[in-house]
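Enquirer: Given only the sequences and the hints, what does the whole structure look like? Please build it.
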Amino acid sequence: MKLSKPLQALVIIALLVIASLYIVLPQQIGSISRPFFPIKIGGLDLSQELPLKQGLDIRGGLQVVLTAHMESIEEVDRQSALDSLKNKIERRVDLYGVSESTVKTAVNGQDYRVIVEIPVDVADTLQALSLIGETAKLEFALPQYLAGETATDEATFAGFTPTDLTGADLKIAEVTFETENRLPGVSLTFKESGREKFQKLTKENIEKPIAILLDGEAVTMPIVRQEITGGQAQITGSFTVEEAKSLTVQLNAGALPVPVSVISQKNIPATLGADSIRKSIIAGGIGLLMVIVFMIGNYGKMGIIASVSLVLYGLFTLALYKIIPVVLSLPGIAGFLLSVGMAVDSNILIFERYKEEIRAGRGWQVALELAFGRAWDSIKDANTATIITGLILFNPLEWSFLNSSGAVRGFALTLILGILISLFTGIYVTRNLLRVFYHGKNQTPKKL
Amino acid sequence: MNWMKLTPIYFLISALVIIPGLFSLARYGLKLSIEFTGGTRLTLTQVQSDSETILAAFKDYSPNVENRSDTSITLKMKTIDQPLAQKQIESLKEENSEITLTDFETIGPALGQETLKKTLNALLLASVLLLAYISFAFKQIKYGVCAVLAMFHDTAVLLGSFSLLGHFAGIEVDLLFVTAVLTILSFSVHDTIVVYDRIRELNKKTKGVTYIELINRAVTETMARSLNNSLTIIFMLLAMFLLGGQSTKYFSLALLIGTITGTYSSTFTAAPLLVAWEKLPFGKK
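First to last, the sequence lines map onto chains A and B. In terms of my numbering, the first sequence opens at residue 1 and continues consecutively. In terms of my numbering, the second sequence opens at residue 1 and continues consecutively.
Watch out, some of these pointers could steer you wrong.
[To be verified] Stretch by stretch, here's where chain B covers chain A in the computed footprint (C-beta under 8 angstroms, at least three residues):
no., segment
1, 76–88
2, 121–133
3, 254–268
4, 277–285
5, 292–299
6, 334–348
7, 408–420
[Said to hold, decoys possible] Computed cross-link-like contacts, DSS-like style, restricted to lysine-lysine with a CA-CA straight-line distance of at most 30 angstroms:
no., chain 1, residue 1, chain 2, residue 2
8, B, LYS31, A, LYS266
9, A, LYS279, B, LYS76
10, A, LYS380, B, LYS78
11, A, LYS53, B, LYS249
12, A, LYS171, A, LYS245
13, A, LYS355, B, LYS78
14, A, LYS86, A, LYS5
15, B, LYS78, A, LYS266
16, B, LYS279, A, LYS355
17, B, LYS249, A, LYS279
18, B, LYS76, A, LYS266
19, A, LYS266, B, LYS59
20, A, LYS266, A, LYS245
21, A, LYS104, B, LYS76
22, A, LYS355, B, LYS204
23, B, LYS249, B, LYS5
24, A, LYS5, A, LYS441
25, A, LYS441, B, LYS205
26, A, LYS266, A, LYS279
27, A, LYS104, B, LYS249
28, A, LYS137, B, LYS142
29, A, LYS208, A, LYS137
30, A, LYS380, B, LYS93
31, B, LYS117, B, LYS5
32, B, LYS87, A, LYS380
33, A, LYS245, A, LYS208
34, A, LYS266, B, LYS87
35, A, LYS245, B, LYS93
36, B, LYS205, A, LYS380
37, A, LYS104, B, LYS142
38, B, LYS93, A, LYS266
39, B, LYS139, A, LYS355
40, A, LYS355, A, LYS441
Hints listed in this document are in silico derivations from the structure and should not be mistaken for laboratory results. Backbone N, C-alpha and C fix where the C-beta goes; we use that ideal spot for every residue, glycine too.
Expert: What follows is the structure, given as structure tokens:
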């Protein structure tokens, strides 16, 4: 048996609907769990339930924009310094164990930036900021003293002489607790290179102090009692447990190649997002209902079919959001809802055209096909115009003279996707549904 | 119907809406958010003291109360970093033992300037590209120019309304507003193209009618669809404005104003502009 073309199309649509439902619906509804398909396409694992990714403004968190102080770096090396800066910060965030964080870079003229988003509470942001933002440059140095003028005068401190032992020689840093008083400290284990340097350093400085400097500040200055061969050192100072943990993370991730400072910071409480989402869903539902009532009231049976397409539009869009995945922000949700209002646009253009063709005395089948063909010109031009602005907002090539704010991009992405999917549902889906399910009346008698 | 006979009236209506807005823009400007000006916004909860005490704690940063409820207060001030802000909050702990910082946002002044510049770039780029695209799609530059002029008409209405809203209701213009403006550019053009497309089509089919008659017919034939097209969007936006979350409320309002003026302008500005173009010395060809 061979299916007619519109029926073939319906089969394709039905398959898409099933696939989308499979992606969109939760794994378990009540006691019914969905069938298990161990399908993997690229990085997409369909056996797992795909999460709908939520932006920072919904789940709450911290966004910081850091600017890198590149003055001391050669112009040609700045980009690579920025990349290494990003890697180091990424490692710190990972080692600290905050999941779902993002670290991005942006270059604006002579300004090099790192944008960090971490889902932490406002109460923990100060700590997070110091974790990310401190250079954490570790050095071992020898304090220099000027002897007093007379034998009874105390020697005066005259600064540090750096040694060749630095954070680069470090293998791992760990939080330790001193045996007597349980005070937190940080233990340093050196690599092969560092072990030799450390051994040499301690050998040459027995009964003298060695300073451990962090970002130029002495954290601790122990006196060497004997040559140390094991390649281990301790930093003790007045740390809290949290500080000791941050420090080990920073040391393990490596020092930042350039110092950074905060130029913008945004904390969003998670409760705000949950409330906004609930309101947006209600608003979206009511809006959708109004659109459906309007379409059915205005176009009758055709309106019903357009409404079916509209619901499918919502379904396909959600499925695509999960697959890509689109990080859903509040402006993104606004963009999605807006696109629902726009999705019926092409249907309205087509249906109005259909009415005209009927008025011109054509049979309904001819009118239907003509309407789809003739409305295409204006649909194409109008939607291209929207896609042009969508692309300017989304700034896909990361042009530095345009904005690349997450909120704006989120909105633009949902808008562009909305247009593309709505062209598919508004034209392909509606057209084939109409071909199969719609029967118009021919005007009798025909005006000829 | 001879819609174009009333061209001066349409332009008069537009002027009546736009002129107060432009006046307000010139006089009061827009109330820019810290995203453009730089600065800090923070929210404190479990506040017992009156607003004056809180303001006094931040007096070095010229603070303003933006929102005050029983126990929470939102302040806007010059750029301050979080450790410093936290210090000031500590000093308030004597009177407000439970006081907590729930929301903190700070933007360096330089970043604000940059955002403003990038926004203008985006507007400029959008105008040029849309002008080029429409001129190309309709094969005549007058369509591009008139569509873009109608687009500026809508932008002026939107900016004017928000200047007035900013002055009288304290509503701020933020990055999302800019997004709304850009979206409205495309909506405006979207609607205009529906009308122009019909003019293009009639132009091919019918011979021996004047250009004005052609435009009149196109406007009559597309009136219903322009209105219906916009109505579905307006339904959605109205629901979002009235029922949606606080953070996108004014974004929805901006889109709503833009969609309404966009619908008006496609029929009553973009089409009459074509007629006006014809009357220009170089227009008639």
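Enquirer: If a hint holds in the structure, say so; if it does not, say that too.
Expert: Right, here's what the structure says about each hint:
1. 76–88: violated (count 0)
2. 121–133: Per the Cβ count (5), the hint holds.
3. 254–268: Check passed, 7 qualifying residues.
4. 277–285: holds (count 6)
5. 292–299: Held - the segment 292–299 of chain A has 3 residues with a Cβ nearer than 8 angstroms to chain B, which meets the minimum of three.
6. 334–348: holds (count 9)
7. 408–420: holds (count 4)
8. B:LYS31 / A:LYS266: holds, 20 angstroms
9. A:LYS279 / B:LYS76: It holds: about 26 angstroms lies between the C-alpha atoms, which stays within 30 angstroms.
10. A:LYS380 / B:LYS78: violated, 48 angstroms
11. A:LYS53 / B:LYS249: holds, 23 angstroms
12. A:LYS171 / A:LYS245: Within the cut-off at roughly 16 angstroms; holds.
13. A:LYS355 / B:LYS78: Answer violated: LYS355 of chain A to LYS78 of chain B is near 60 angstroms, above 30 angstroms.
14. A:LYS86 / A:LYS5: Outside the cut-off at roughly 53 angstroms; violated.
15. B:LYS78 / A:LYS266: Holds. LYS78 of chain B to LYS266 of chain A sits at ~15 angstroms (cutoff 30 angstroms).
16. B:LYS279 / A:LYS355: The hint is violated at about 35 angstroms.
17. B:LYS249 / A:LYS279: holds, 11 angstroms
18. B:LYS76 / A:LYS266: Given that 30 angstroms is the threshold and the Cα spacing comes to 13 angstroms, the pair holds.
19. A:LYS266 / B:LYS59: Holds. LYS266 of chain A to LYS59 of chain B sits at ~22 angstroms (cutoff 30 angstroms).
20. A:LYS266 / A:LYS245: Holds - the C-alpha atoms of LYS245 of chain A and LYS266 of chain A are around 24 angstroms apart, at most 30 angstroms.
21. A:LYS104 / B:LYS76: holds, 28 angstroms
22. A:LYS355 / B:LYS204: holds, 21 angstroms
23. B:LYS249 / B:LYS5: Not satisfied, since the Cα-Cα distance of roughly 39 angstroms exceeds 30 angstroms.
24. A:LYS5 / A:LYS441: Holds - the C-alpha atoms of LYS441 of chain A and LYS5 of chain A are around 23 angstroms apart, at most 30 angstroms.
25. A:LYS441 / B:LYS205: holds, 27 angstroms
26. A:LYS266 / A:LYS279: holds, 23 angstroms
27. A:LYS104 / B:LYS249: holds, 29 angstroms
28. A:LYS137 / B:LYS142: violated, 63 angstroms
29. A:LYS208 / A:LYS137: Roughly 23 angstroms separates the two Cα atoms, so the pair holds.
30. A:LYS380 / B:LYS93: The hint is violated at about 62 angstroms.
31. B:LYS117 / B:LYS5: Violated: LYS117 of chain B and LYS5 of chain B sit about 42 angstroms apart, past 30 angstroms.
32. B:LYS87 / A:LYS380: With Cα atoms ~58 angstroms apart, LYS87 of chain B and LYS380 of chain A exceed 30 angstroms; violated.
33. A:LYS245 / A:LYS208: The given pair, whose Cα atoms are some 29 angstroms apart, holds under the 30 angstroms limit.
34. A:LYS266 / B:LYS87: holds, 18 angstroms
35. A:LYS245 / B:LYS93: holds, 29 angstroms
36. B:LYS205 / A:LYS380: holds, 20 angstroms
37. A:LYS104 / B:LYS142: With Cα atoms ~44 angstroms apart, LYS104 of chain A and LYS142 of chain B exceed 30 angstroms; violated.
38. B:LYS93 / A:LYS266: holds, 23 angstroms
39. B:LYS139 / A:LYS355: holds, 29 angstroms
40. A:LYS355 / A:LYS441: holds, 12 angstroms
Checked against the numbered hints above, the structure breaks hints 1, 10, 13, 14, 16, 23, 28, 30, 31, 32, 37 and satisfies the rest.
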